Amino acid sequence: MTVTVINPGLLTTIQDLGRPGYFHLGIPVGGAMDRRALIAANLLVGNDEGAAGLEAVFMGPELEFADDRIVAVCGADLPPKVDGTEMPTWTSFRVKGGQRLTFDYLKSGARAYIAISGGIDTPLALGSRSTYPIGALGGFKGRAIAAGDELPLGPSDLPKDGRYIPTELRRIPTGDVELRALPGLYIHRITAASQTAFFEDTWTVAPEADRMGYRFRGGRPMEFVEREQPFGAGSDPSNITDACYPYGSIQIPGGTEPIVLHRDAVSGGGYFMVGTVISADMDLIGQLQPNKTVRFVAVTMDEALAARHEQRAEFAKLRDSIA
Amino acid sequence: MSARYSFGGDEQIFVEVDEAMSLDAFFKSLAITNAVRDADIDGVTEICPANASFQIGFNPDKIHPEALLEQLKSMESVADTAESRLTTRIIEVPVFYQDPWTHETLMRFRERHQDPSGSDIEYAARINGYASVEDFITAHSASPWFVSMVGFVSGLPFLYQMVERARQIEVPKYLRPRTDTPKQTVGYGGCFSCIYSVRGAGGYQMFGITPMPIFDPTQSAPYLRDFMVFFRPGDIVKFEPIDRPTYDHLLAEVEAERFIPKMAEVTFDLADFNKGIDAYNAKLLEALK
Numbered sequence: 001m002t003v004t005v006i007n008p009g010l011l012t013t014i015q016d017l018g019r020p021g022y023f024h025l026g027i028p029v030g031g032a033m034d035r036r037a038l039i040a041a042n043l044l045v046g047n048d049e050g051a052a053g054l055e056a057v058f059m060g061p062e063l064e065f066a067d068d069r070i071v072a073v074c075g076a077d078l079p080p081k082v083d084g085t086e087m088p089t090w091t092s093f094r095v096k097g098g099q100r101l102t103f104d105y106l107k108s109g110a111r112a113y114i115a116i117s118g119g120i121d122t123p124l125a126l127g128s129r130s131t132y133p134i135g136a137l138g139g140f141k142g143r144a145i146a147a148g149d150e151l152p153l154g155p156s157d158l159p160k161d162g163r164y165i166p167t168e169l170r171r172i173p174t175g176d177v178e179l180r181a182l183p184g185l186y187i188h189r190i191t192a193a194s195q196t197a198f199f200e201d202t203w204t205v206a207p208e209a210d211r212m213g214y215r216f217r218g219g220r221p222m223e224f225v226e227r228e229q230p231f232g233a234g235s236d237p238s239n240i241t242d243a244c245y246p247y248g249s250i251q252i253p254g255g256t257e258p259i260v261l262h263r264d265a266v267s268g269g270g271y272f273m274v275g276t277v278i279s280a281d282m283d284l285i286g287q288l289q290p291n292k293t294v295r296f297v298a299v300t301m302d303e304a305l306a307a308r309h310e311q312r313a314e315f316a317k318l319r320d321s322i323a
Numbered sequence: 324m325s326a327r328y329s330f331g332g333d334e335q336i337f338v339e340v341d342e343a344m345s346l347d348a349f350f351k352s353l354a355i356t357n358a359v360r361d362a363d364i365d366g367v368t369e370i371c372p373a374n375a376s377f378q379i380g381f382n383p384d385k386i387h388p389e390a391l392l393e394q395l396k397s398m399e400s401v402a403d404t405a406e407s408r409l410t411t412r413i414i415e416v417p418v419f420y421q422d423p424w425t426h427e428t429l430m431r432f433r434e435r436h437q438d439p440s441g442s443d444i445e446y447a448a449r450i451n452g453y454a455s456v457e458d459f460i461t462a463h464s465a466s467p468w469f470v471s472m473v474g475f476v477s478g479l480p481f482l483y484q485m486v487e488r489a490r491q492i493e494v495p496k497y498l499r500p501r502t503d504t505p506k507q508t509v510g511y512g513g514c515f516s517c518i519y520s521v522r523g524a525g526g527y528q529m530f531g532i533t534p535m536p537i538f539d540p541t542q543s544a545p546y547l548r549d550f551m552v553f554f555r556p557g558d559i560v561k562f563e564p565i566d567r568p569t570y571d572h573l574l575a576e577v578e579a580e581r582f583i584p585k586m587a588e589v590t591f592d593l594a595d596f597n598k599g600i601d602a603y604n605a606k607l608l609e610a611l612k
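First to last, the sequence lines map onto chains A and B. Numbered by this note's numbering, the letters in the first sequence go through residues 1 to 323 in order. Numbered by this note's numbering, the letters in the second sequence go through residues 324 to 612 in order.
In isolation and in its complexed conformation, chain B is listed as follows:
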């Protein structure tokens, strides 16, 4: 896996770690961007890790683009030898699958979908070979997910499923993007799940909704007091299916500014994870109990 470098105009360097998504590519991207942050290079203005790539913003009046490029390249080998170990958070995100609000939205945009006769989750369950929507929900919620990128719009996490590639859920995006998506919709496109942080346009399939705000400029939720964006790359997420009464209850808790997601500090080691994924995930999930 050798990175590919390209200038994004005169103020950005774009680095593709790998064309394909994998946890190895994500960890390499995270390791290099961490090294760049630690190096505290004068003239670097933005450090943006992404799924299997990253981007560095810079001020060319302070550092010559070629000089920064050479410095970044020298950091690549450091990342190759870095241990793929991460101290991070595991967070339980309650999800009301097949909720009425995303259902109403998906019906409004049915002509933009691959299968106008069904719902997004029925389509996703079928093309991924699940016998029922219930089985699909189990698959989506049983194993944890890595936040491999935060972005698109404010604080939106891209989530990568922590299972063998053969078991990973894959769904295409809408044929044409919707102009509307409810806030806090749990979506899916390609191999990524996501949580829409704000209401707006979107092309991912819609499976459900969480009552948990993940971006709020007013910072009214207790867990958003430090910063208006909740997720960071490297966070681990566990989706917890909930029913309507639980959803309503949690929403009331959110409105009363009492809701705090269940979370714990964990250490993730990529090599150990690859040795036995299911057992490793089970151990990770223990932290939430």
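Chain A on its own, in the form it takes in the complex:
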């Protein structure tokens, strides 16, 4: 059975938990920007945690269902409506064959995850259904969904609806956001004063914030340690000999606007990096709207690992809350 796209929204892509293992060829891991929200939505509709769903940015799609399905919307507060009747987020509900799922305006967050019981059943590409549009890989014909697309769905035994994620386990950035980062990589390219300033300053999410990376502005420009540029690095002091970019790494081209690389990151390039956002905070970035303010907080490896364990414990609570 299928679901028909009446209106795709702003930019809606099929995503699962990604395709690890091909970064050395420039093919990024991809997958949901906010994995936790996709996992929550999948659990609510009885899918495997890694089933493919829809990631909608800022605006929801309009979808028509061919048969009865259980649906859940988690992540950004983007209220779903079934034939015009509003449904709660973070809660599973039933959509009958012939009914339309639409969305109200975004209230908070940036990306909503729509899980449909049975999951979206497009062909696997390198082990994943995640859409990587630059490489025309995965998803529906390698691109974001468009009006008229008929998205195939897997079989569903229709679990019961009305299941929900407890409020304390829903995570949407409110107030000032802190992104924890492990300093390192090429941070020695900037002066000690700039290193301090980077973590002191408040940064604002720029409009150029997408699945490849989030750009920030508003902090003080970096001062570089003087050197003769090494052969192959390029002439700008922010250039390095082209190297791999870790996921979550924070590069600062020209020393002005930091960019945090995300799930669809370019795998390498020639800009220096000051550190890397820890894995536990990557989901949070996917929910940041432009103009949101953040601070980067320096942490140690032990703190990064502790945060990772905390996140795993929260995932376990998510699973228990639905079981």
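Hint data in this document are derived by calculation from the structure and do not stem from the laboratory. As the structure is a computational prediction, the values presented were derived from the model and not from experiment. Glycine included, C-beta positions come from ideal geometry on N, C-alpha and C. Accuracy of the hints is not assured; some may be wrong.
25 Å max Cα-Cα, derived DSS-like pairs, lysine-lysine [as the list claims (entries may be wrong)]:
hint: 1; chain 1: B; residue 1: Lys598; chain 2: B; residue 2: Lys612
hint: 2; chain 1: B; residue 1: Lys496; chain 2: B; residue 2: Lys506
hint: 3; chain 1: B; residue 1: Lys385; chain 2: A; residue 2: Lys317
hint: 4; chain 1: B; residue 1: Lys585; chain 2: B; residue 2: Lys612
hint: 5; chain 1: B; residue 1: Lys385; chain 2: B; residue 2: Lys396
hint: 6; chain 1: B; residue 1: Lys506; chain 2: A; residue 2: Lys141
Far from chain A, some chain B residues (derived; all Cβ distances over 10 Å) [what the hints assert, rightly or not]:
hint: 7; residue: Asp363
hint: 8; residue: Met430
hint: 9; residue: Glu457
hint: 10; residue: Asp458
hint: 11; residue: Ala462
hint: 12; residue: Val486
hint: 13; residue: Leu574
hint: 14; residue: Arg581
hint: 15; residue: Lys598
Under 7 Å between C-beta atoms, here's a sample of chain A residues computed to sit facing chain B [to be verified]:
hint: 16; residue: Gly248
hint: 17; residue: Ser249
hint: 18; residue: Ala304
Chain A is already provided as a structure; the job is to place chain B on it using the hints.
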């Protein structure tokens, strides 16, 4: 040349073999990453060799970051003693230099370029001291290139010129990156040539275009049936200048799924190469005849 280690968050270790690009640094990076692959370490998820550095992805739930770091450091000395010998492929890549499509694109983004009055290849020829664009094309296409990294976007090869440093072409990147680059553009930035595997943003100077697909998720080309990405680090490339009729012919062959690049297996030995570069390259190129 002593490597510098840094954690890239809690899931990656970044290793800079050398700040500067050289074949020695590339070979050391390749030797260590090969050793890591052979060691088959539980918890290692990605092994990414780059030009003069590399990156190892790992799952810290399976291996402690410090334990992996120590293990990597112990492999560095192995790489120092490893023979810099490689059995690899040499591939001839046909290039239509100064083609109309990259020319149209470079004209659209002229205000982002160092020299808005000319073309990218005229600029590159001039700042590298070549009397004419033809001489520059000869320099770019006569000696082979090492694929020293695959990445940026899907399957894009970074290519390092196999000549003495004094003869290496160097050009800056665009002042501000373009938002568009034709697919299969042959580009240049810093000391690296590249082939854009897909259409998209880019900051490298544009010299020409190849009719040869190097990344294709549909895997329709006969030489991409095994895998959608063509290049691997360590491949050797020879650019072959072609004219418009040849380009059109090869493109038709590609579309008919008949095109297969000319390639051969070769052994590369860094020490022998350094003893006499031109003679060594001439011998390598024999394999394509």
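| query | Holds or violated: is the Cβ of Ser249/A closer than 7 Å to a Cβ in chain B? | reply | Holds - the Cβ of Ser249/A comes within 7 Å of chain B, reaching about 6 Å at its closest.
| request: Classify the label on Arg581/B as holds or violated, using whether its beta-carbon is more than 10 Å from each beta-carbon of chain A. | output: Its Cβ never comes within 10 Å of chain A, the nearest being 23 Å, so this holds.
| field | Restraint check for Lys385/B with Lys396/B, where alpha carbons must lie at most 25 Å apart | value | holds (19 Å)
| field | Given as non-interface: Val486/B, which should sit over 10 Å from chain A by C-beta | value | Fine: 13 Å to the nearest Cβ keeps Val486/B off the interface.
| So is Met430/B really clear of chain A, every C-beta pair being over 10 Å apart? | holds (24 Å)
| task | Could you check that no beta carbon of chain A comes within 10 Å of the beta carbon of Lys598/B? | result | holds (21 Å)
| query | For the pair supplied as a hint, Lys385/B and Lys317/A, is the alpha-carbon distance within the 25 Å limit? | reply | Since the Cα atoms of Lys385/B and Lys317/A sit roughly 21 Å apart, the hinted pair holds (cutoff 25 Å).
| task | Below or equal to 25 Å on CA atoms is what counts here, so check Lys496/B against Lys506/B. | result | holds (18 Å)
| Is the Cβ of Glu457/B more than 10 Å away from each Cβ in chain A? | Holds, because the least Cβ-Cβ distance between Glu457/B and chain A comes to about 26 Å, which exceeds 10 Å.
| query | Regarding the hint that Gly248/A lies at the interface with chain B, is the smallest CB-CB distance below 7 Å? | reply | This interface hint holds because 5 Å falls under the 7 Å limit.
| query | Can the restraint linking Lys506/B and Lys141/A be considered satisfied, given a maximum Cα separation of 25 Å? | reply | With Cα atoms ~18 Å apart, Lys506/B and Lys141/A stay inside 25 Å; holds.
| task | Quickly compare the C-alpha distance for Lys598/B and Lys612/B to 25 Å and report which way the hint goes. | result | Answer holds: Lys598/B to Lys612/B is near 24 Å, not above 25 Å.
In summary, this structure violates none of the numbered hints.
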